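The residues making up each chain are set out below.
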Amino acid sequence: MTLYSRRRVVNHVGLTLSILATLFGLFWLVWLLWTLFSNGLRWIGPRLFLESTPPPGANGGLANAIVGSVILTVVGVGIGAPAGILAGTYLAEFGRSSRLGAVVRFVNDILLSAPSIIIGVFVYGLIVLRVGHFSGWAGAVALALIVMPVVVRTTENMMRLVPDSLREAAAALGAPSWKVTVVIVYRSALPGILTGVLLGMARVSGETAPLLFTALNNQFWSTDMSRPFPNLPAVIFQFAMSPYEDWQHLAWAGALLITVTILGINIAARALIKRAKT
Amino acid sequence: MSSAAATPVREGAPPGSPEDTGVGVQSGAVGDRVFRGVTRFFAAVVLLSVFGMLVTLLVGSLPALKAFGFGFLASKEWNPVTEQFGALAPLFGTVVTSVIALLVGVPVSFGIALVITELAPTWLKRPVGVAIELLAAIPSIIYGMWGLFVFAPVFASTLQPWLTDHLGAWPVVGMLVEGPPMGIGMLTAGLILSIMTIPFMAAVMRDVFETVPASLRESAYALGCTTWEVVWRVILPFTRVGVFGGVMLGLGRALGETMAVTFVIGNAHDIHASLFMPGNTISSTLANEFTEATTPLYTSSLLALGLVLFVLTLIVLIAARLLLMKMKAREGVRT
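Chains as they are written, first to last, in this note's numbering: chain A, 2 to 279; chain B, 834 to 1168.
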């Protein structure tokens, strides 16, 4: 074999393997989604949204878990997103080259990929042990700690995209620097910041591990955040691992619901960021 | 905090902000101070929460560390009845599943990044990239359910017997594929972890590949290199540090991943040579046993496991970030 043909063969083999790798990655996505739809779609109906989780053998839905998850997510994002936006503002406006800024940026990136179960254990020690029982608040705080780093990162990046000339123009007109940030920079970076909030929301909507030791679960309808709180991921975990078939059906329906919601939020966030950048 | 805000500490104020000019102090000085103080407070919250995690885990695991000392890391005993606890079995499981995840995930991620940056036509780049990223958006618990109910049975009836038949007689590898094809176990957990880490590694690799200057790439093509040679001899050496950082990031994910592993690993406090046997990881032990721990020493031992996991991921993630920062710094020098 000549040198040229060998190089050509190596090239073709390498590129073919790369394309196969891409198909391999896409294959799992398709298989996962197909599984969810084929197992879950049948069990989605009005009852799912109207009735609470049943004891084994009885009819029921996931209403309490769905509402519980929505409340937990909203409260979690409600705590985590403002904190993240303010911390991100510090990094983008005040801490660009300060030492504190550099340290916070570094630690934030670590928090971003820290195992979520460790965050659950932390909140367990911080709140559940002190209060003495599991509660919706503890769950929401755990979720907030997961949302925060996502929002910090996107907020900083998006605020930095705002040209300095815009800040200078506002300052030249006599605006104090907090007003420049709030009125000018936030407004121009808004779609990007919202994207970060949406991505954070998508990330926590399906989080299970940190809720196991904080919000725990509640089989009944409950909107009292100071008690163990119903939530969809924990119900899916419990029902999927159970030997009862009707529980497993509900688990599949819940899994489909959660995945479609999260993929929807992700795609919306991407559309938003595309608009923000152009 | 007020004293810190009053002293003229300059933290790289944006050029042209009121502090630079010296005018406008009278109109917005209070607002500026408050606003800056509030943002700085929340920046500190980020620091404090990571610090708080470390302290919580450290304090909580003290009783266990006192009782077992460094033997905690070396003992594979895990017996709630006699209160003998050791981290070896879950630690072993964590490391083995993560290594499997990397062995499968790294080459695949490399191929995906290569396709997205070098091969795919422009109209296809974005859809493929988004699809791979959606793989990262699917919650861990969904991977777990799918792994247990769909993947494991298929795996047990096809790939596992095939592996035993074809590799079982080999000297060392044979030991790894011994045992009944149950579908669940260390290998299944590792494979599912690899699928979950691929999007993270592929995204980093794609980003660092794109930092290679076009002139470098084009020069290589002009000299007659094939695409594969351009990637292997020009792009990869140029981005080595960043690629390695991405792999570490993927490793950090794999080490701490909980729900998917909990579903498929089988949850046995055992160490087997065979990858087909059920095992345990630190995170799955926590997920399964934390709310059931009855005695203080049991809880403390679980917290000590959490500490081991946190320190492990901290080391890996710090290494990942330092590598990626080095990559970024070099980019700055070049342009």
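Keep in mind that the hints were calculated from the coordinates and are not lab data.
Being a predicted model, the structure only gives us computed values, none of them experimental.
One thing to keep in mind: the hints can contain errors.
Computed beta-carbon distance windows for the label pairs [to be verified]:
(1) 71(A) x 900(B): 23 to 29 Å
(2) 11(A) x 1163(B): 27 to 33 Å
(3) 71(A) x 1015(B): 33 to 39 Å
(4) 900(B) x 104(A): 33 to 39 Å
(5) 862(B) x 75(A): 35 to 41 Å
(6) 955(B) x 48(A): 56 to 62 Å
(7) 1055(B) x 104(A): 41 to 47 Å
(8) 960(B) x 98(A): 37 to 43 Å
(9) 1044(B) x 247(A): 30 to 36 Å
Cβ atoms here follow ideal geometry from the backbone N, Cα and C, with glycine treated the same way.
Quick rundown of the hints versus the structure:
no.: 1; hint: 71(A) x 900(B): 23 to 29 Å; verdict: violated (43 Å)
no.: 2; hint: 11(A) x 1163(B): 27 to 33 Å; verdict: holds (29 Å)
no.: 3; hint: 71(A) x 1015(B): 33 to 39 Å; verdict: holds (38 Å)
no.: 4; hint: 900(B) x 104(A): 33 to 39 Å; verdict: holds (35 Å)
no.: 5; hint: 862(B) x 75(A): 35 to 41 Å; verdict: holds (37 Å)
no.: 6; hint: 955(B) x 48(A): 56 to 62 Å; verdict: violated (47 Å)
no.: 7; hint: 1055(B) x 104(A): 41 to 47 Å; verdict: holds (45 Å)
no.: 8; hint: 960(B) x 98(A): 37 to 43 Å; verdict: holds (39 Å)
no.: 9; hint: 1044(B) x 247(A): 30 to 36 Å; verdict: violated (53 Å)
Of the numbered hints stated above, those contradicted by the structure are hints 1, 6 and 9, listed in ascending order.
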